[in-house]
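Visitor: Residue numbers (our numbering), protein chains in the order written: chain U, 215 to 524; chain P, 40 to 492.
Quick caveat, the hints were computed from the structure, so don't treat them as lab data.
C-beta atoms are modelled at their ideal positions from N, C-alpha and C, and glycine is treated no differently.
Label-pair distances were calculated between CB atoms; the ranges are:
1) U:E419 - P:R375: 57 to 63 Å
2) P:G188 - U:A231: 51 to 57 Å
3) U:E227 - P:N310: 32 to 38 Å
4) U:H463 - P:R172: 32 to 38 Å
5) P:L85 - U:H463: 36 to 42 Å
6) P:T282 - U:H256: 56 to 62 Å
7) U:R496 - P:R202: 25 to 31 Å
8) U:E419 - P:E108: 57 to 63 Å
9) P:V267 - U:A231: 55 to 61 Å
10) U:K412 - P:K247: 40 to 46 Å
11) U:D462 - P:G188: 27 to 33 Å
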Amino acid sequence: MKGFPHRHLLSCEGLTAPDIDFLLNLADEAAERNRDIEKKRHILSGRTVINLFFEASTRTQASFELAGKRLGADVMNMVVASSSVKKGETLIDTAVTLNAMRPDIIVVRHHAAGAVELLAQKVDCSVVNAGDGAHQHPTQALLDALTIRRNKGEIAGLTVAICGDILHSRVARSNIALLNAMSARVRIIAPSTLLPSKPDRLGAEVYTDMWKGLEGADVVMMLRLQHERMDGAYVPSQREFFHFFGLDHEKLARAKPDALIMHPGPMNRGVEIASTVADHSRSVIREQVEMGVAVRMAVLEALSQNLPQA
Amino acid sequence: MSVTPLRPASERSGAPRPPQAFLNARLIDPESGRDELGGLVVQDGLIADLGPHLRRNAPKDAAVIDCQEHVLCPGLIDAQVFTGEPGQEHRETLKTASRAAATGGVTTIVMMPDTDPVIDQVALVDFIQRRARDNAIVHVHTMAAMTRGLKGEEMTEVGLLKRAGAIAFSNGKSSIANTRVMRNVLNYAHDFDALIIHHCEDPFLSGKAAMNSGEVATRLGLSGVGKVAETIVVERDVRLVETIGGRYHAPTISCSESLEVIKAAKARGLNVTCGVSINHLTLNENDVTGYRTFFKVRPPLRHENDRVAMVEGIDKGDIDVIVSSHDPQDADVKRRPFQDAADGAVGLETLLPAALRLYHSGDVDLVTLLKAMTSNPAKLLGLHSGRLAKGAIADIILVDLNQPWVVNKDLLASRSKNSPFDEARLQGRVLRTLVAGNTVYQYADRQSAMTNV
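With these hints in hand, go ahead and build the complete structure from the sequences.
Guide: Written as structure tokens, this is what we have:
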């Protein structure tokens, strides 16, 4: 195996099927080890990983922190609220300052699309995008792919329906790119007010009718809809959204009988997904969280292979 | 007057009624262009048969009505009616509005959501349907508000409201000033194939204007608003529809510039239509002279050139629909200084005879004129009525095109008397109105507003 041919992981755009397979294979191994009592390895021993989160996150940050620690790295969490960013420092100055501390990998989440790429241009280490605005969140797409692969054996040829707030979703954009690279058939389902312009150009079939969009799907991937978007600007109400775009048993019945139910979390039960569907036997939502740690370990491991070695 | 409440066929009791045969009638079906002498048979609420072969011969057992070669045509569909129910019942109830409609030959009214409370929730659509079922003698459909409280800010539950029976979505008498909101509503409604009917008037430009801007306003010392306040919004909306798609209808345009915008949009293949109120086809700003508040309507009455342009729009088929824009207002809000008086005019009872002015003047042929009040609104709203055809619902009117009469507002069936046609000489009257085969109005059965000359 040649390894992972990229210095950074900024986007799913540009990843090839072999790149993705390489990461998923590593992640599969990590997932097995994570179920052991002894989870710790020392691949990243002596390396410094900085988690730089400009936007609040619980699970992604915890997931990256655990991943780094299980690989033996020194992990530092930069809390934005108490950092110099709040004092008016520009993103580039923050990058240059952190770079001077000689980290090996920086994991960045930022509310502005493209901010992580900008930061990556100013540092000498590897950078992992942990979410930039409505642009990309590649490790989410990778953990989704791993979950699908473990349950379905193969991703190629599957029909994956992504449903909900596509407009604001980096999860959707990452998944569409990755699933296309893996030769899956992607559908997106949303009201027109929650679709970006020219959504079909991303490589997805577009549906505004969820009943039709779920027809024969192998995987149903729900997205979170933020409360402030259900007050009449994008969607009239929670009630109406759930009626037409919430995943309930009736709509789920349109998908294949063995369709997987996925959600990147955190869920709004009763808004985009019925509570009983979230807890359905075909729901793999908790497995997604487990695979999150494994995938992030794989990403850190793969990127570290390209760093200068001791 | 025999008043039969409209009920679903399943609820109607009693033995099957004999068929009714309307013989020796001038049958006009605007949709197919039929205009010939013949007859028509009504059975079980439907048109069982029609054609020249029935001119003299009725089926056995049929109750025969000799139409004396008067016009038998589909009942009118009035796509813009304001009522006072719920909330302003002293102005009009569904019951009184439906009586006014029946008197005027209107067999279907489409209610605007400007009530108190505003019809912006599923439960209110349901309420209107129940009230109409129990009290109205013509068909009543309701529009729902496209934004909550008609405030132009947050969109309503378009999907659920449509499912509950809202026939279209309107922002009532107010325009949506925020273009972003308008775009989002159009975009969202498009997913549900919901029809958007938007009153076009820039609220910042119109401000507190009392009438059309121009020489008359200047002489009267009233603040005026230009036609541009309307045209700008029509143009904006058309541009939005062009990028988003969807079904859009400008309900009451009033000037040639707005019509040009609509014509151009149609030429580009957009799903855009427009309507005009009967007031803007038959009256102009000069009528306001004397500060006559019954002529204060929205949009305001325009210059004679615009009225002529509207008539031409009907004649050429560029304007799709004529509405009464029936808007009952009580004396308290009309008997005020012009600038403080309420907008609005009742019109259900005078819609057809006033429209016939255009026919009698030779400006518009009869079939084209009727089309704008029958099959065109039916098509716009997705109704199966508005036509004379075998198997169609028997919503039919019998009209004497020529009978002259003078309107007396005090004899109007409407609860409010704010008619701009009070004391006007009109020619043509409805002799009989059938809704689903039941006669809900018959001339001479009541003291009507139609006093013979």
